Amino acid sequence: MVDVDATVVIRHSEKEDAAKTWKKTSGFHPLLAFVDHGGGGTGEPVVALLRPGNAGSNTTADHVTVLEEALAQLPEQARAVDAHGRRAILVLPTRPGATHGFTARIAELDMHFSVGSHLHQFDIARVLALVPTQAWSPAYDVDGRECDRALVVEVTELVDLSAWPEDTRLILRKEPPHPGAQLRVTDHDGHSVTGITRPTGSAVCRTGVRLLGCGRSPSGLKSNLYGDRRRGRVVTTWVRDLVSSGPRSRGTPPPGATRCRWGATTAMRLSWPGA
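The sequence shown: position 67 = 67 (the UniProt record's numbering), numbered continuously.
For the record, the hints were derived by calculation from the structure and aren't laboratory data.
The structure displayed is predicted, hence computed values, not measured ones.
Some hints could be false.
[What the hints assert, rightly or not] Estimated spans, in silico, between C-beta atoms of each pair:
1. 108 / 132: 34 to 44 Å
2. 104 / 79: 15 to 25 Å
3. 146 / 95: 31 to 41 Å
4. 24 / 85: 44 to 54 Å
5. 20 / 180: 24 to 34 Å
6. 156 / 110: 19 to 29 Å
We treat Cβ as the ideally placed atom computed from N, Cα and C, and that holds for glycine.
With the sequences and hints as input, model every part of the structure.
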């Protein structure tokens, strides 16, 4: 899996190309790609496209550039086309990547995609009113267990998806909102409703599993800025995989050490397992 996501890097305004970001800060808005876990993946960052702070979150050209550069770094066997003319690569952009142009390019490259949908693009209130209660199925987590009070349903036949790649489906997922979360106009009956747009494939109840299992990109963003930190993230990733096994090999370690200094003494505290 290839995760594509953007992050904000705060820097002083006198830095070259630093600009005002959508968070009202000054800095950069790089777009990154991570090779996700699953089938022996490493979770390392493979591409970081440096952009000004005012760069758009949903710029199709930037997403295409990052994806193509990420593919160039994958092993040849990972990019190979199978007997059905498809590549066994799942691209997981965040919601800003849910653009017609980017998903069309993914389809042209014979790959799969799974991306959160902007539900305001559809008459979602009308769609939800047409879905009978018995049509909702339990959603499953990454371990194959039913999610607590989370339900999914396919509504492909109820919306116009002609602008999306052929065989695109729209899956809706509803669940009680998280504590403190505010409901949106697209939510329904006191439940938070999200959408997943993806090509024809696995059963509806398991479509969310692909997204639920892709948490390494946000983890990588927290420990990855640009330049030296990006290279440091690669080193940390490979060291983690070499010295750890089981759940630890999928965790996100804190910085390798915390340096504490008092008086004339300097102490290095290594607290993460395997450090």
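Failing hints, ascending? 3
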